[in-house]
Amino acid sequence: EDQVTQSPEALRLQEGESSSLNCSYTVSGLRGLFWYRQDPGKGPEFLFTLYSAGEEKEKERLKATLTKKESFLHITAPKPEDSATYLCAVQGSARQLTFGSGTQLTVLP
Amino acid sequence: DGGITQSPKYLFRKEGQNVTLSCEQNLNHDAMYWYRQDPGQGLRLIYYSQIVNDFQKGDIAEGYSVSREKKESFPLTVTSAQKNPTAFYLCASSSALNTEAFFGQGTRLTVV
Numbered sequence: 004e005d006q007v008t009q010s011p012e013a014l015r016l017q018e019g020e021s022s023s024l025n026c027s028y029t030v031s032g033l034r035g036l037f038w039y040r041q042d043p044g045k046g047p048e049f050l051f052t053l054y055s056a057g058e059e060k061e062k063e064r065l066k067a068t069l070t071k072k073e074s075f076l077h078i079t080a081p082k083p084e085d086s087a088t089y090l091c092a093v094q095g096s097a098r099q100l101t102f103g104s105g106t107q108l109t110v111l112p
Numbered sequence: 263d264g265g266i267t268q269s270p271k272y273l274f275r276k277e278g279q280n281v282t283l284s285c286e287q288n289l290n291h292d293a294m295y296w297y298r299q300d301p302g303q304g305l306r307l308i309y310y311s312q313i314v315n316d317f318q319k320g321d322i323a324e325g326y327s328v329s330r331e332k333k334e335s336f337p338l339t340v341t342s343a344q345k346n347p348t349a350f351y352l353c354a355s356s357s358a359l360n361t362e363a364f365f366g367q368g369t370r371l372t373v374v
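Keeping their order, the protein sequence lines are chains X and Y.
Numbering-wise (the numbering used here), the first sequence opens with residue 4 and increments by one.
Numbering-wise (the numbering used here), the second sequence opens with residue 263 and increments by one.
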């Protein structure tokens, strides 16, 4: 059974204080690892797909990396508008997405 | 604008009643999904469909039913057999099963 664990559950940062969110996973035959951003009461917004260990993707202040056991979402010099819940999901050989519980990020001005 | 439209945004249902949630997409995607999200938990898969007239159960299909008569539409019915239906329901679509999924804005269902 595929499993995804995200840590920490919640993270409070000062504006400009860089940090990383962790996504640990076990999956049979990784087809892809996905990062999403979710604002309260809204649907998740797609950020990145990573397919193989060593791969990196960047978008503005966000950078996602992937190893064989975990993925990191690095946030550089965050702003208050980066506050959201960040979700990680994996797709294995069964082709279903398995989601973690998310990290709730709060960036204080 | 291309996207996924879920309606209604808020829905109230009395116990014992069936209710249908709408999901429409104009992205020309083949695959569509229904997820349930509860506070503090990840998204859990209810049903998914790869092509028209075909769908499969996800991890928590009991008490739910779906249909896929058109490529653009994947409605979800929450039946009276679902013991704890109050939740945030999310519909998603993707061009194929192994590509990124795009989500609608969700329907919040409350049983009163």
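No lab work stands behind these hints: they were computed from the structure.
Every residue gets a Cβ at the ideal spot worked out from N, C-alpha and C, and that includes glycine.
Among the hints, a few may not be true.
Said to hold, decoys possible - Distance ranges between label pairs, derived from CB positions:
| # | chain 1 | residue 1 | chain 2 | residue 2 | range |
| --- | --- | --- | --- | --- | --- |
| 1 | X | GLU4 | Y | ASN346 | 30 to 36 Å |
| 2 | Y | LYS271 | X | SER55 | 46 to 52 Å |
| 3 | X | LYS45 | Y | GLY325 | 22 to 28 Å |
| 4 | X | SER55 | Y | GLN279 | 43 to 49 Å |
| 5 | X | HIS77 | Y | ASP316 | 36 to 42 Å |
Checklist entry - Does the Cβ pair X:LYS45, Y:GLY325 satisfy 22 to 28 Å? => result With a Cβ separation near 25 Å, X:LYS45 and Y:GLY325 satisfy 22 to 28 Å, so the hint holds.
Checklist entry - Between Y:LYS271 and X:SER55, does the C-beta distance stay in 46 to 52 Å? => result Violated, since Y:LYS271 and X:SER55 (Cβ atoms, about 38 Å apart) do not stay within the stated range.
Next on the checklist: Does the beta carbon distance between X:HIS77 and Y:ASP316 stay inside 36 to 42 Å, or does it fall outside?
Outcome noted: Given range 36 to 42 Å: holds, Cβ gap about 40 Å.
Next on the checklist: If I claimed the Cβ atoms of X:GLU4 and Y:ASN346 lie 30 to 36 Å apart, would that claim hold in this structure?
Outcome noted: Check failed, 22 Å falls outside 30 to 36 Å.
Next on the checklist: The hint says 43 to 49 Å between X:SER55 and Y:GLN279; measuring C-beta to C-beta, is that right?
Outcome noted: 48 Å Cβ-Cβ, so the 43 to 49 Å window holds.
Of the numbered hints given earlier, the model fails hints 1 and 2; all others are met.
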